[in-house]
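J.: Order-wise, the sequence lines are chains A and B. Using our numbering, the first residue of the first sequence is number 1, and each one after it goes up by one. Using our numbering, the first residue of the second sequence is number 1, and each one after it goes up by one.
Be aware that a few hints might be false.
As the list claims (entries may be wrong) - Beta-carbon label-pair distances, calculated as ranges: (1) B:Phe312 / A:Gly27: 31 to 41 Å; (2) B:Tyr213 / A:Leu82: 15 to 25 Å; (3) A:Ser99 / B:Arg70: 40 to 50 Å; (4) B:Leu81 / A:Ile12: 56 to 66 Å; (5) A:Ile73 / B:Leu81: 30 to 40 Å; (6) A:Leu94 / B:Ile196: 20 to 30 Å; (7) A:Leu94 / B:Leu165: 22 to 32 Å; (8) A:Ile12 / B:Ser91: 24 to 34 Å.
Hints in this document: simulated from the structure, not taken from any laboratory. Keep in mind that this is a model prediction, so the values were computed, not measured. Glycine included, C-beta positions come from ideal geometry on N, C-alpha and C.
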Amino acid sequence: MPFFNKKMSFLIQEYLPILILFFVASGLACIILGASYLLGTQKPDTEKVSVYECGFNPYEDSRNKFDVRFYVIAIIFLVFDLEAMFLFPWAVSLGQITSMGFWTMMDFLLELVIGFIYAWNIGALEWE
Amino acid sequence: MKVNQNGIYFSVPSKKFVNKKIKMDFSILFQNNLKMFLPEIFLATSILILTLHGSFIISSRHLGFPLIVRSVSKLSILILLLTVFLSNNNSINFMLTYQNTFMFDLLTFYVKEIILISVLLCVFIFENSIIRNQINNFEYFILLLSATLGLLLLVNSYDFLSLYLAIEMQSLCLYVLAGAKRNSSFSTDAGIKYFILGSFSSALLLFGISFIYGCTGTTNFDSLSLLLAQPDSTNTIFSLNSLIEKALLCIATAFLFKIAAAPFHMWSPDVYEGSPTSSTIFFAVVPKIALFAIFLRIFQSIFFIFEDVIVFALILFSMTSVIVGSFVALKQKKLKRLLAYSSISHVGYLLLAFASNSLEATVSLFFYLVIYMLTSISIWSIVLSLNTIENQKSPKTLIDLSAIAVTNPILGFSAMVAFFSLAGVPPLAGFLAKMKIFTAALGASLFFPSFVAILSSVISSYYYIRIVKTIYFEKNQRCFFIFPVSYSCALTTGISTFFLIFLFINPTLVLLITQKMALCLFLIKRCLS
Chain A
1 MPFFNKKMSF LIQEYLPILI LFFVASGLAC IILGASYLLG TQKPDTEKVS VYECGFNPYE
61 DSRNKFDVRF YVIAIIFLVF DLEAMFLFPW AVSLGQITSM GFWTMMDFLL ELVIGFIYAW
121 NIGALEWE
Chain B
1 MKVNQNGIYF SVPSKKFVNK KIKMDFSILF QNNLKMFLPE IFLATSILIL TLHGSFIISS
61 RHLGFPLIVR SVSKLSILIL LLTVFLSNNN SINFMLTYQN TFMFDLLTFY VKEIILISVL
121 LCVFIFENSI IRNQINNFEY FILLLSATLG LLLLVNSYDF LSLYLAIEMQ SLCLYVLAGA
181 KRNSSFSTDA GIKYFILGSF SSALLLFGIS FIYGCTGTTN FDSLSLLLAQ PDSTNTIFSL
241 NSLIEKALLC IATAFLFKIA AAPFHMWSPD VYEGSPTSST IFFAVVPKIA LFAIFLRIFQ
301 SIFFIFEDVI VFALILFSMT SVIVGSFVAL KQKKLKRLLA YSSISHVGYL LLAFASNSLE
361 ATVSLFFYLV IYMLTSISIW SIVLSLNTIE NQKSPKTLID LSAIAVTNPI LGFSAMVAFF
421 SLAGVPPLAG FLAKMKIFTA ALGASLFFPS FVAILSSVIS SYYYIRIVKT IYFEKNQRCF
481 FIFPVSYSCA LTTGISTFFL IFLFINPTLV LLITQKMALC LFLIKRCLS
């Protein structure tokens, strides 16, 4: 199996950091969760232990009518969430990408703002 | 100053910075790329401005919340006209841009022109139908223009990533267009059906792309064609041959889904029937040519060493589409469903030309696409002209066509010409297109598939002739009032009827253009092999 040959192991070279990250992350998660489970004082009640579902009762009939405005807000939230995802790497690498990179992001933001103005104008953000 | 391989100048740093990281000025590197994208940039900017314009006007209290569909439709016609002019001014014959993710050659040039003109004609003819259907959202046109933008980018894309993004852009807009009539449950149903099946096919496409990326380590068409151009055993790619074949079959399946070829056609009649007529016209006329152009590029000039597998699959699906399209359409009574099945059988003929895989066959494929587009524009504008008081609410059936040769002889004649051209009756352009496809298929020794296609074409000519019989000889007992044919529909029908007759007598111009388009695909192939 040339793929797992240690000398030319492309797999190990590329994925070893990910493996280390995986172990560190799962170890850290176990420590934090275990510590808060063992050391904290616990007074459970129904509201505390039930699943959090944005203000809805999690266990009821799924055929209920559901206000479409939730979807609209969720979509707008998603767009701005993704915008932040693009903005962070852009901000970090701003030194290397010169004016072209800068103006590309400005163009993206402009288009996003136009979408936002549109959503505002047609009343998608209003909740009475 | 120094010249890089694309012929673009970039500045080389002076001696004392040599050890530091070289910082390239991207704005100089990309200056020609922006020039190539001028029509798309214009279209995108116009879409944004139209969004702002529409949203400010419809929410304005002192204008009294006006309905602006008519004015926005006029504006979008203007935008499309200017985009046609801009893309016509393009003077560069071949160029790869944005790190080889987009490419420009004569094929993309002509396909983009054809797409833009067909969208223009669509908007031109269905303006009145939108108002009659009470689609009062100006967003309809914004989505239409965005779908057009997605199609233009799709034709240009030269990388699987840009291809996927462009396909998603156009199909997301098309899903919303299918469900544009919000108060009709048929339209919502069509939108959801189209969305679910369309996203399934997109998932298949992504699956195939990920396999190809896993095997070759690149998604770029340029790198892929160079990588696969060396057909010998020293190339390690060929140990992964069978995996790439499967990946290509996934991609082909996604493509057949999008163009509604037979085993994957189930969405198309329902979507055609349920969505408002204006959206149906757009689905029927516009996206096919863009999809065919990009997938011909993938299968014929990038992955041409795998052509055995692809050709086998395409022959199979071509035969099923031709058979399903002609047999199922025999029982249809609703006009839109009938036209949907007729488009499935035409996709079958196109796939036959695709599978023949020669220069002549590709020329005939593009020729057929252009003629088919012209014929469908004619037929749909005739369908839009058949408005009586009774059929305003209900879907149009074949009965609505009865005796229009008596009430409106010119409309009846145009309808006859259009349906005969679809059937492939001699003194019309449809016959020429069909004949070219069959000669190309016979030239590629596809005897059995062309035999099946010709037999099915005989069967399908039965229902076209039945329609012509309904137009000319059916007696209509009822008394009904027909709305006058709108100016735009009359103009479009007239022009396309003229071309359907004229292109039989002198098809030189279209043949020349299609020859150039096909050569773009085959030149690369011959250079590499």
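J.: Could you tell me which of the hints above the structure violates, numbers in ascending order?
T.: Hint check: 1, 6 and 8 fail, others pass.
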